[in-house]
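Student: Sequence:
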Amino acid sequence: MPSGDPVPPLLFPGRDAVERRWLASLKQARRIRLVGPRLYASVPQGKLVEVVRASWATLVARLYPHALVSHRTAFEFTPAPGGEIWLTATTNRVVSYPGLRLRFVRGPGPLADDPKFLTIRSSSRARAFLENLATTRRTGRLSDPGRTKASTNSRTPALTAPAGSAGAPDDR
-11 MPSGDPVPPL
-1 LFPGRDAVER
9 RWLASLKQAR
19 RIRLVGPRLY
29 ASVPQGKLVE
39 VVRASWATLV
49 ARLYPHALVS
59 HRTAFEFTPA
69 PGGEIWLTAT
79 TNRVVSYPGL
89 RLRFVRGPGP
99 LADDPKFLTI
109 RSSSRARAFL
119 ENLATTRRTG
129 RLSDPGRTKA
139 STNSRTPALT
149 APAGSAGAPD
159 DR
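No gaps in the numbering here: position 40 of the sequence shown is 28 in the working numbering, and each next residue is one more.
Among the clues, some could well be false.
Unchecked claim - Derived Cβ-Cβ restraints for the label pairs, each shown as a range:
no.	residue 1	residue 2	range
1	Asp(-7)	Ser112	36 to 46 Å
2	Pro69	Pro1	38 to 48 Å
3	Phe0	Arg94	22 to 32 Å
4	Ala114	Gln16	47 to 57 Å
5	Arg19	Thr123	42 to 52 Å
6	Leu22	Val82	14 to 24 Å
Calculated directly from the structure, the hints in this document are not laboratory data. Where a beta carbon is used, it is the ideal one built from N, C-alpha and C, also for glycine.
Between the sequences and the hints, there should be enough to build the whole structure, so can you do that?
Tutor: Here it is as structure tokens:
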């Protein structure tokens, strides 16, 4: 490919020897750079987050074809405000890309009523509701840091509703 030809904004690993040689030549010419696991980009650093977030579905379909779009993502089909995409797969893990965090949760594969989304599958509405109701242990930062507030009473570690919300005890 001559140096003047346009290069796609995101490139994935080559499927055959010809594509791998083409990627190697682009990388050697410094027209692309590695930006995450198995992902190359040709866009300037300033546009990278925007391009990766906009291409999340293509990225998942190409790099993780056996994953199931699930949880919150199965309802919204867009990254959460913190850049999270929820997927069900065979292992628990987090894979990070610029502006995007793929959260894999171990669970069963696609069911008969799970619809197609591009070349992958997405949780059905009923399944997505159940996934969102499931309790999980928090090991990192919350996507929505203002959701709950810990009780100030050291003897009762239960969670309470934020002050001023419905159901919160009034200060009499």
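Student: Give a verdict on every hint.
Tutor: Verification of the hints:
{"no.": "1", "hint": "Asp(-7) x Ser112: 36 to 46 Å", "verdict": "holds, 43 Å"}
{"no.": "2", "hint": "Pro69 x Pro1: 38 to 48 Å", "verdict": "violated, 30 Å"}
{"no.": "3", "hint": "Phe0 x Arg94: 22 to 32 Å", "verdict": "holds, 25 Å"}
{"no.": "4", "hint": "Ala114 x Gln16: 47 to 57 Å", "verdict": "holds, 50 Å"}
{"no.": "5", "hint": "Arg19 x Thr123: 42 to 52 Å", "verdict": "holds, 47 Å"}
{"no.": "6", "hint": "Leu22 x Val82: 14 to 24 Å", "verdict": "holds, 19 Å"}
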